[in-house]
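2 protein chains.
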Amino acid sequence: MGDLLRPLRLDIFPETGFIGPEQATQVTGRHLSDMRGMYQDGRAAEAMTAAGDPLLYQVYNADIPDEPPHILFGTTVVYPGKVGSEYFMTKGHYHAIERTAEVYYCLKGRGMILMETRAGDVAVQHLERGKAVYIPPGWAHRSVNVGSEEFVFFFAYPGGAGHDYEAFEGLGFRNVVVDREGRAVVVANPRFA
Amino acid sequence: MGDLLRPLRLDIFPETGFIGPEQATQVTGRHLSDMRGMYQDGRAAEAMTAAGDPLLYQVYNADIPDEPPHILFGTTVVYPGKVGSEYFMTKGHYHAIERTAEVYYCLKGRGMILMETRAGDVAVQHLERGKAVYIPPGWAHRSVNVGSEEFVFFFAYPGGAGHDYEAFEGLGFRNVVVDREGRAVVVANPRFA
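Chains Z and B, in that order, are what the protein sequence lines are. The first sequence runs 13 to 205 under our numbering. The second sequence runs 13 to 205 under our numbering.
Treat the hints as calculated values from the structure; they're not laboratory data. Treat the hints loosely; a few may be bogus.
Copies of the same chain look alike in the list, so a pair counts if it fits in one copy or across any two.
To be verified - Here are the computed lysine-lysine pairs in the DSS-like style, where the Cα-Cα straight-line distance is at most 30 Å:
hint	residue 1	residue 2
1	Lys120	Lys103
2	Lys94	Lys120
3	Lys103	Lys143
4	Lys120	Lys143
Source: prediction; values computed, not measured.
Chain Z with its partners taken away, still in its complex shape (with noise of 0.2 Å):
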């Protein structure tokens, strides 16, 4: 068999997002702290971080080498909250290797997928229950959890892509998604006003 890699099977829970078994995963948790600066409402963001530090979201990955040619998969869990009127999200990010792409299929909850380019271009997807998303090279891609439940989705992508977080720690991304008399709506963020 020389170097390859043997086959691999992997429990999943749809409710919960927690894949198995515990020694073929590697879970990676954020906290409102580790998101500092993403929220509009930074006041409410400082008193939320003082008051518990919510845990807003987890990465659930199967323990796969993160490099070509393997795929890497898991689930994300966006738990359901907010920060002032904007709901838990994850930070988003670029893929390092740009020219990267990624699908998701989501498990549960009710979602939106806020996407864009280099060049500016944006793009929503809305995201529950059998539904699922492609994002194709060249598009970040942020999760907004914009339910009452968890939010869980499955996640494929190349291994070696990477994460380039860096784009979107100083204005954000160019949507948000606020909470208006409980609708979820998006508007362009006011910091590229």
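Fit chain B to the known structure of chain Z by using the hints.
Just chain B now, kept in the frame of chain Z:
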């Protein structure tokens, strides 16, 4: 935006494997007559082909360019049934570019994934709803429905990977899955004896 493809959303119906919208989906159906010589019981295969040539499986592909750096995804639906004592299955293939991987996530039913390498290594993984299988680079793969309803799974693999069916047109896979008194059993392919 230049040559960047725009993000795409598809609806996947886990009960049937059907993907919509139709204009964004390519469908490939395989009948028993497309699999001449692949079942051990040639007489049973001939009789069933003459008696109506059943549809064994369908593949729904999201309409994404089949080239790097895209990721192709969709669903495979293997229908329940047997040819002699052997369960309905896919043709099975290596990727034409062998050092490419694939991931499956099961949506419905019960199946087995037969895998093997050019060096003669073999592996079998069981799939049912909520379970994922990783097919590492270099492993041929065939999907077998060992249950009584449709076996449906979501798949993702790199654009341009291609399919090489030729390796299995002679002896077939090294393992076959047969019904032994109502139980699905993996046995060595007698043609390799």
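So, going through the hints one by one against the coordinates:
For a Cα distance limit of 30 Å, the shortest separation of Lys120 from Lys103 inside one copy, 20 Å, qualifies, whereas the shortest one across copies, 33 Å, does not. Taking CA atoms no more than 30 Å apart as the test, Lys94 paired with Lys120 passes inside one copy only; the shortest distance there is 18 Å, against 34 Å between copies. Taking the shortest Cα distances, Lys103 and Lys143 sit within 30 Å of each other both inside one copy (22 Å) and across copies (28 Å). Taking CA atoms no more than 30 Å apart as the test, Lys120 paired with Lys143 passes in both settings, with 10 Å inside one copy and 15 Å between copies.
Going down the numbered hints, you'll see the structure goes against none, and every one checks out.
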